[in-house]
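Novice: Residue numbers (our numbering): 11 to 352.
Honestly, the hints are just simulated from the structure, not real lab data.
Predicted model only: the values in this text are computed from it and were never measured.
Be a bit skeptical, because a hint or two may be false.
Taking CB as the label site, the calculated pair distances span [to be verified]:
hint : residue 1 : residue 2 : range
1    : Leu86     : Glu188    : 37 to 47 Å
2    : Asp56     : Pro185    : 43 to 53 Å
3    : Met331    : Pro296    : 16 to 26 Å
4    : Val156    : Cys325    : 19 to 29 Å
5    : Pro296    : Thr14     : 39 to 49 Å
6    : Leu27     : Gly270    : 29 to 39 Å
7    : Glu188    : Ile247    : 47 to 57 Å
Backbone N, C-alpha and C define an ideal beta-carbon position, used for all residues, glycine too.
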Amino acid sequence: MAMTRRSISLLVAGGVLVAVLVIAPDVPLVVFAGILLGLFLRGGGDWIAARLKIGQMLGMAAFVLTLVLIGVAIALLAAPLIAVQFDELMVRIPAAAEGLMQQIRQYPWGEDLLAQLRPEGMLRTGGAGVAAAAATTFGAFGHVVVILIVGIYMAINPGLYLRGVRQLFAPSLRPRAEEVMHATASTLRRWLAAQILAMTTVGVLSWIGLWILGIPLAPMLGLIAGLFAFIPNVGPILSMIPGVLLALPMGTETVIWTVGVYMAVQAIETYLVTPIVQREMVALPPALTITVQILLGVLFGIFGLMLATPIAAACMTLTRMLYVDYLDGEPGAKPAKAARGK
């Protein structure tokens, strides 16, 4: 039986995607990150354009200019303080870690535990380690450049790329393909808005809580907590490590209070901020988020872990519109809502 143009277009699109994932698996992640950046820039520009009653391009230019001015202000006012605190953090963390290891060695089981963890191996910087670090640094810099380029072009003229992807499908599929792309973009925009709010909340509350406890470098620790909040589930645990290490010299009670601050902030973000935001934004099942994080973390490392949540949000929309709706269209099947209400 001869294949239809509709089937051929689907096979070609799927084949190209599979081939790219096999040959250059990092490329889709980099492009996806660029799309996220483009949606962020375009969304901010559209918001300003709607408020000021100006054109979309002027709105986006105003938004980008605002981001640049904020960056310049941070560079002039806060960057010196951030740089000083970061340098001090880099000095204090190894010293605190060494103090922790000295305390562990006092116990009979301490030497065995440290021998298994081999912390000195983590700090070893031989020629191979330096070469690997340099390669990783240059690779990350290249990714950032590509993400910026893709994001800017996507923000300037998203319709061009939307039409390009649309043309890959047979004419009968193009309206549905465009609808799916618009829905996925809307999901990602709402996820970005929710994530920015959550990161800001975590960063500010962590800063205030650690400052009240008298933990050194509280502003830097708050900034780290806010940035790591971009990675749900895993980020809060990672951001807690430097704060706890800096609290160690201040005594066990301070360490307990420090952990309590991080846990309280995470509880506020998880049970108060996120539920309120998700009413209007994007609700992701926690088990699905963790599963995707594990999968992409194993496959692509930290880069995959960072993008796991937005990818999960996009995949939920794609699954619902491309697969679940197709199944619900089976002859004689009851609509999903009607079946649940029965």
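Novice: Compare the structure with each hint and give your call.
Specialist: Against the structure, the hints come out as follows:
Separation of Leu86 from Glu188 is about 44 Å and conforms to the stated range, judged on CB atoms against 37 to 47 Å. Checking the proposed 43 to 53 Å range against Asp56 and Pro185 shows it is violated: the Cβ atoms sit about 23 Å from each other. The beta-carbon spacing between Met331 and Pro296, approximately 23 Å, falls within the hinted interval of 16 to 26 Å. In this structure the hint that Val156 and Cys325 lie 19 to 29 Å apart at CB holds, the actual value being about 22 Å.
Checked against the hint of 39 to 49 Å, the C-beta distance between Pro296 and Thr14 comes to roughly 41 Å, which is consistent with it. Taking the beta carbon of each, Leu27 and Gly270 are about 46 Å apart, not inside 29 to 39 Å as hinted. Between Glu188 and Ile247 the beta carbon distance is about 40 Å. The supplied range of 47 to 57 Å is therefore violated.
Consistency with the previously given hints fails for numbers 2, 6, 7, ordered from lowest to highest.
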